[in-house]
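Undergrad: Single-letter residue listing:
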Amino acid sequence: MTEANVTVSQVGTGSVPENWKPHIVALVCNWCSYAGADMAGTTRLEYPANVRMVRFPCTGRMSPLMILRAFEQGADGVLVSGCHPGDCHYVQGNLVARRRFTIFRSLMDFIGIDLNRLHFAWVSAAEGHKWAKVVNEVTTAVQEAGPLPSFENPEGWDGIDLPVMEGSGPQELDQGQLDAIRTNLRKAASEVLKTERVGVVVGYGAGALLDQTHAVLITDTADCENLEWGRSCRNNLSAYVGSALEKHERVAVVAKTCDLGAITGLIREGQLRRDQILVIGVQCPGIVDGLELATKCLSCSGDPHPICDLVVTVEGVHESCEDPSTSALDTPDARDEQIAHLESLPYDERWKYWQRQFSRCLRCYACRAACPLCYCSTCITDKHRPQWVPTSIDNQGNSAWNIIRAVHLAGRCSGCDECSRVCPADIRLDLINRKLSLEVERQYGKIGLDPEEKSALVDFRMEDAEEFIL
Amino acid sequence: MDSSWKLTDAQLREWLSGLIEGNSVVAPVEEDGVLLFRPIASEDQAIVKPSGKTRWSPKEFLFPRSEALYRYNFKGGSVQLEDPSLPEGHQVLFGMRSCDASGIVRLDEIFLSGTKDRLYAARRENTTVVSTACAAADPECFCTAVGYSPVGEEGSDVQLVPVGEDWMLRALTDKGRNLVGDAGDNWAEATVKDEKEIEELEKTVAGQIERSPVNREWSQVLEEGFEHGAWDRLAQHCLGCSVCAYVCPSCSCFDMNHDANAFCGEQCRSWDACTFPLFTHHASGHNPRETRQERYRQRVLHKFAFREENDEPFRCVGCGRCVALCPAGLDIVSTVAAAVEAIREEGADAAR
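Order-wise, the sequence lines are chains A and B.
Just so you know, we're using the numbering used here here: the first sequence kicks off at 1 and counts up by one.
Just so you know, we're using the numbering used here here: the second sequence kicks off at 1 and counts up by one.
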């Protein structure tokens, strides 16, 4: 671990000293691998002394936060070891953990952590020999990877130019058509309030600046005239549904197609009942972020999705029938080329790319605030007994925050891009989210718009892939 | 006009290049498409005449996002305390706008009046501010509405004024004159006519700002209407992040935090914001500012009310960053106007 004369913020400063030996932290399950290591000891098996063990009740208890913590505190490599599938003392802890590790591993790879540093193994209490073998392999791999790169903004580094994203975006709507949609929207909102189908309509109102809008909570039909629609209706209004429900039994929310995944997510996770919400899907011209069409719009048609209760188009308003069969991720995404480009780069370049991005993070937590699916009453970063996410606003703490935010949304993120839109530092959170969505989809199938579906990371199959586990 | 010169763009860049030797120069640069202040290694990294303002103010170079107040480590059986060395070396903050320079003076009022903050004072002492008067207002700008000016001199040691393709450079303080040093011998002195350009510039840029002024008398109205029901409505779409506070040139709140491992640790001071619930969360569990509305009101009032004298400037310098970057589209200027209107019309005690 960190030497006594090195300060907390100085871990991992790069250069390889002579006779360097890696520090490796092993997070092990009490019921198997810990006993397995004990067995290796009593059998007098020899293995390198670089590994320090931390005992856990189960791999299911191991949060990616704990692996991150080891790296923050100066570990060059981490080994996670638990019971073989089917042998869990708590029946299924290791099966849920397996999915979590699969996704976390792909994220670490994406942000530039050499996978030679991060290992997973199943070692039972009887497998002393396997424990010795695993430790040998892991130590060799980490030795090869070298000291952990430092958490800092790379100096004198030129940066990476990512491929330009292309896509045609939604069908163009002229001013007349937008006016027609706005009129129809106001009519629809007024109607649902008048007929008392809902107590409040959450929509967009004009903001202070020309190209700004903000959420308005409308309870009076007369105020429906303040509802706006256009290319500046950026917010995902489902973030306001929770607070609107505090005062009203039923809420109508104006939604773009990209906002729907969050609503489904909230229902799926028990934050909202389907009968508490009336979704007004509106034909979308695509939103403008800065001066350009937002990334998420490049490959979107803008058509309201059939999951909506009411559909507002240029032609008028109609009731819709629910058909959750279409996946939000069916279409190719303009970002995929950028992700592929980053993945083609060596670890070192990837690490620098993300460290530069994270160095700008102010820890304003706008990403969390704008995310409809970040609804925890106390966020993990605000918990300080113990303080899992370092609060200092530096690359170490910023990396931990940005990684854990992504991990907590893996398999849940609906891709609305609100986090990257609101980030004052333009951190490409959208790339991280998209990368994890792709990984979850590749491993465990598509995330659709069906609220009855279970999120991939709270589920498991006995036969889940585990080719990376030793 | 002994401390005023007229420079070509090339002369200005040459001067900037000279400053880098012997100083740590912080200037606007573009990083991954974001304009922000970073230390520069060569003059060509700096964007001297950017379109638009940096994402956030340069306050972090005086009041870092996080800094250690003390460190300790365990050696053998004993604990060794370490005092972080005071910041050394001279830094030049180059190219901030007038609003940001005023923001620094607002920070000075917090950190240097009464008990001086040791670390801030050392940094401030070693810092020279070279500001740039605005050539144009951005859509979010409203400095003139809150009593500041696009060509304001407050907080600047040297002021650069864009004059067509050229620059006027004015050394306003001893620090500024020292920074110019002998370089001024090679520059043409500014004429009275050049100085007149500043007034013209102020008129032009102020004309681009469309916000109606925030009246100084409103502070008292806002304070009287502290409990007014309008706050609930005005801040109902606040999402509770702290973009506004962290990009603000004058927000100065911080938290104490501790980073440690089994061998060593440090006590840090990190930025914090009144918009976060943890900012006022008591150890008992009680939170005097329970709701987002109360927290947002605190921020607004700290900018526009809670002033001791009527001629005391607003703590909002009008850069408009919080308006442009608010994820929820909240606008501090119209919030103040709407709150004052509601309090006046309905009385200070109108119920929530």
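To be clear, the hints were calculated from the coordinates, so they are not data collected in a lab.
One or more hints might be untrue.
What the hints assert, rightly or not - Label-pair ranges, simulated between beta-carbon atoms:
id : chain 1 : residue 1 : chain 2 : residue 2 : range
1  : B       : D44       : A       : E269      : 49 to 55 Å
2  : B       : D255      : A       : Q175      : 45 to 51 Å
3  : B       : H286      : A       : D220      : 46 to 52 Å
4  : B       : H286      : A       : K454      : 55 to 61 Å
5  : A       : Q92       : B       : H281      : 43 to 49 Å
6  : A       : H248      : B       : L81       : 54 to 60 Å
7  : B       : T173      : A       : E155      : 40 to 46 Å
8  : B       : P213      : A       : L115      : 57 to 63 Å
9  : A       : V458      : B       : G347      : 34 to 40 Å
To be verified - Residues from chain A shown here face chain B by an in silico Cβ test under 7 Å; the list is partial:
id : residue
10 : G41
11 : L362
12 : I393
Said to hold, decoys possible - Covered, in the sense of this in silico footprint (three residues per stretch, anywhere, with C-beta under 8 Å from a C-beta of chain A), are these stretches of chain B:
id : region
13 : 159-172
14 : 176-189
15 : 239-246
16 : 318-326
17 : 330-344
Please read these numbers as outputs of a predicted model, since none were measured by experiment.
Even glycine gets a Cβ: it sits at the ideal position worked out from N, Cα and C.
Undergrad: Determine for every hint whether it applies to the structure shown.
TA: So, going through the hints one by one against the coordinates:
1. B:D44 - A:E269: 49 to 55 Å: Cβ of B:D44 to Cβ of A:E269: about 51 Å, so the range 49 to 55 Å holds.
2. B:D255 - A:Q175: 45 to 51 Å: holds, 48 Å
3. B:H286 - A:D220: 46 to 52 Å: violated, 36 Å
4. B:H286 - A:K454: 55 to 61 Å: violated, 39 Å
5. A:Q92 - B:H281: 43 to 49 Å: Violated, since A:Q92 and B:H281 (Cβ atoms, about 36 Å apart) do not stay within the stated range.
6. A:H248 - B:L81: 54 to 60 Å: Roughly 56 Å apart at Cβ, these two residues keep to the hinted range, so it holds.
7. B:T173 - A:E155: 40 to 46 Å: Violated: the Cβ-Cβ distance is about 32 Å, outside 40 to 46 Å.
8. B:P213 - A:L115: 57 to 63 Å: holds, 59 Å
9. A:V458 - B:G347: 34 to 40 Å: violated, 52 Å
10. G41: violated, 23 Å
11. L362: holds, 4 Å
12. I393: holds, 4 Å
13. 159-172: As far as the region 159-172 of chain B goes, the hint is violated, because 0 residues have Cβ atoms under 8 Å from chain A.
14. 176-189: Violated - the region 176-189 of chain B has 0 residues with a Cβ nearer than 8 Å to chain A, which falls short of three.
15. 239-246: This one holds; 7 residues, not fewer than the three required, reach chain A with a Cβ under 8 Å.
16. 318-326: Our answer is that it holds, as 3 residues pass the Cβ test (under 8 Å) against chain A, meeting three.
17. 330-344: holds (count 4)
The structure is inconsistent with the numbered hints 3, 4, 5, 7, 9, 10, 13, 14, although it conforms to all the rest.
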